[in-house]
Amino acid sequence: MRFRDILMTLLIGLGLWQALVIITDAPHFILPSPWRVAQAAYKSRVIIAENTWVTAIEVVLGLLIGTLLGVATAIQLAMSKTVERLMLPILVFTQAVPVFALAPLLTLWFGYGMGSKIVMAVLIIYFPVTSAFHDGLTRIDSGYRDLSISMGAGGWNFMRYIQIPQALPSLGTGLRLAAVYAPIGAVIGEWVGASKGLGYLMLLANGRAKIDLMFASLIVLACLTVFLHITIGVLATRLNRYAQGVTN
Amino acid sequence: MTTSPGITLKGQHRIGGRVLFDADLLIPGGQWTCLLGRSGVGKSTILRLILGLETGGLFSGSFAATDGMPLAGRISYMAQSDLLLPWLSVLDNVCIGARLRGESPHFGRARDLLNRVGLSDHTDQKPATLSGGMRQRAALARTLFEDRPILFLDEPFSALDAGTRADMQELASDVLQDRTVLLVTHDPAEAARLAHQIIVMSAQATQNWPVPETVALREINAPETLACQAKLLAYLRGIAA
Ligand SMILES: Nc1ncnc2c1ncn2[C@@H]1O[C@H](COP(=O)(O)OP(=O)(O)OP(=O)(O)O)[C@@H](O)[C@H]1O
Ligand SMILES: [Mg+2]
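Those sequence lines, one after another, are chains A and R. Under numbering that gives the first Met the number 0, the residue at position 218 of the first sequence is numbered 217, and the numbers go up by one with no gaps. Under numbering that gives the first Met the number 0, the residue at position 45 of the second sequence is numbered 44, and the numbers go up by one with no gaps.
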């Protein structure tokens with residue numbers, strides 16, 4: 000995505016929005032115009048910034064912890080056939096439980112603060128990261144395995160010097176998914192019970208009929224997600240290039 | 000160095016019920032044995048079998064080192080594809096065996112080998128930036144770096160231009176003196192030049208082919224080398240038809 004393309008898309012989006020407001024002639028407490036939302040955003044900039052900060056930290060911590068756990072699990076699964084046979088069905092089964100349904104429980108267990116939202120984000124990205132990385136670790140070129148066997152490689156060294164580097168592009172794919180899911184997890188956690196964060200602010204604004212503030216929060220949340228998407232995209236591309244041995 | 004063991008193999012290999020080959024081999028210790036035969040006859044499969052790698056088939060028979068010790072850990076293997084790791088520099092690729100065994104690599108020796116295969120200016124490059132022939136020479140350096148008594152080389156010079164190929168044959172012959180080498184090749188000239196023993200393989204049998212009386216490594220244009228090469232080529236064309 001080039002910067003100019005992003006700018007164009009943004010302008011077109013704003014134009015359509017404004018057109019919709021004019022055509023439907025909706026009252027501003029149903030569909031505020033872009034200009035109204037911008038004013039609201041400016042007026043409430045401090046409260047928006049504070050809550051964005053909270054959500055951003057939840058998302059980033061959730062991503063970090065979820066990725067670490069996912070990577071560790073994938074390596075464990077790939078190292079031992081026994082672990083794989085026991086764990087994989089359990090992992091798949093837990094995916095049948097919608098993580099959103101756990102949100103009230105997580106709030107009960109981990110409180111109204113950031114903890115429950117981070118756990119929510121971790122849970123929601125854990126599986127995509129684990130399965131993508133595990134897939135990469137096990138889809139190894141058999142020639143490399145033969146080479147390692149003939150060289151007398153130990154299992155962990157094979158993992159470390161060949162399997163993991165080779166699976167980095169797959170990890171990148173998992174991370175791209177995680178970047179989309181993590182904010183969803185955090186915001187849903189905030190909806191269920193929180194006193195801070197963009198999700199909380201949206202509910203609050205909605206409850207007080209401040210629809211323009213709600214729109215402003217929504218747009219900031221979208222920007223946060225897009226920013227995350229781009230950053231992780233850059234990282235994933237780097238992982239790809241590293242694994243293919245092409246520099247810049 | 001201590002004498003390198005030879006290898007004996009006798010038996011039948013089946014893939015999906017079909018007999019791929021029937022073989023009876025003696026690979027003498029400390030010598031170069033060249034293995035020829037048409038494509039798909041099972042040359043690579045024999046190497047993989049002895050190495051204990053997956054062959055997709057079933058072998059009934061036996062193979063062993065002539066000194067009675069296990070073969071595991073004593074063979075350095077250069078496969079038909081170079082298998083360089085794209086994310087490692089050429090130098091790190093050469094040292095990968097040491098890393099995989101958890102030893103600290105002897106970079107000096109690796110650099111020396113890279114120098115000898117003519118890659119001293121490319122040690123820090125990634126494999127993706129090398130030509131096919133350069134990659135093959137890097138893989139050769141990696142194989143030589145392993146420093147084992149037995150070497151299995153599966154078409155190690157196939158991607159090289161004629162001049163470089165002759166150079167690499169001389170280098171390998173020099174570095175691998177007194178080692179047991181089993182070299183798979185499609186090139187009768189290569190066999191005539193390098194071999195202490197030539198084995199021609201067909202589905203029915205493995206057959207020893209006479210080598211020139213002179214000592215390997217032979218001159219490329221020596222009459223007996225050329226004669227051996229010509230006869231071998233004529234024979235291979237005959238069994239291919
Ligand atoms: N893993 C496998 N599973 C099933 N069949 C295999 C497998 N590996 C090799 N084969 C078959 O065994 C036969 C011999 O293969 P091999 O690679 O040993 O031939 P080769 O003599 O080395 O040929 P080339 O000169 O082309 O390298 C081929 O017909 C191939 O299809
Ligand atoms: Mg072959």
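If you're looking for bench data, these hints aren't it; they were derived computationally from the structure. Glycine residues also receive a C-beta, built at the ideal position from the N, C-alpha and C atoms. It cannot be assumed that every hint is accurate.
Label pairs and their computed distance ranges (CB to CB) [stated by the list, open to error]:
no., chain 1, residue 1, chain 2, residue 2, range
1, A, Leu90, R, Leu57, 30 to 38 Å
2, A, Val82, R, Gly55, 24 to 32 Å
3, R, Gly55, A, Val233, 48 to 56 Å
4, R, Asn114, A, Arg138, 30 to 38 Å
5, R, Gln11, A, Arg138, 29 to 37 Å
6, A, Ala221, R, Pro85, 35 to 43 Å
7, R, Asp123, A, Gly110, 50 to 58 Å
8, R, Arg108, A, Ala221, 56 to 64 Å
9, A, Leu85, R, Arg108, 40 to 48 Å
10, R, Ser119, A, Ala221, 48 to 56 Å
11, A, Arg138, R, Val18, 31 to 39 Å
Here are some of the chain R residues that sit facing chain A, going by a computed Cβ distance under 10 Å [stated by the list, open to error]:
no., residue
12, Arg13
13, Asp120
14, Thr122
15, Lys125
16, Tyr234
Hints, one by one, checked against the model:
no. : hint                            : in the structure
1   : Leu90/A - Leu57/R: 30 to 38 Å   : holds, 36 Å
2   : Val82/A - Gly55/R: 24 to 32 Å   : holds, 28 Å
3   : Gly55/R - Val233/A: 48 to 56 Å  : violated, 42 Å
4   : Asn114/R - Arg138/A: 30 to 38 Å : holds, 36 Å
5   : Gln11/R - Arg138/A: 29 to 37 Å  : holds, 34 Å
6   : Ala221/A - Pro85/R: 35 to 43 Å  : holds, 37 Å
7   : Asp123/R - Gly110/A: 50 to 58 Å : holds, 53 Å
8   : Arg108/R - Ala221/A: 56 to 64 Å : holds, 57 Å
9   : Leu85/A - Arg108/R: 40 to 48 Å  : holds, 44 Å
10  : Ser119/R - Ala221/A: 48 to 56 Å : holds, 54 Å
11  : Arg138/A - Val18/R: 31 to 39 Å  : holds, 33 Å
12  : Arg13                           : violated, 21 Å
13  : Asp120                          : violated, 17 Å
14  : Thr122                          : violated, 14 Å
15  : Lys125                          : holds, 4 Å
16  : Tyr234                          : violated, 32 Å
Comparing the model with each earlier hint shows violations of hints 3, 12, 13, 14 and 16; every other hint is respected.
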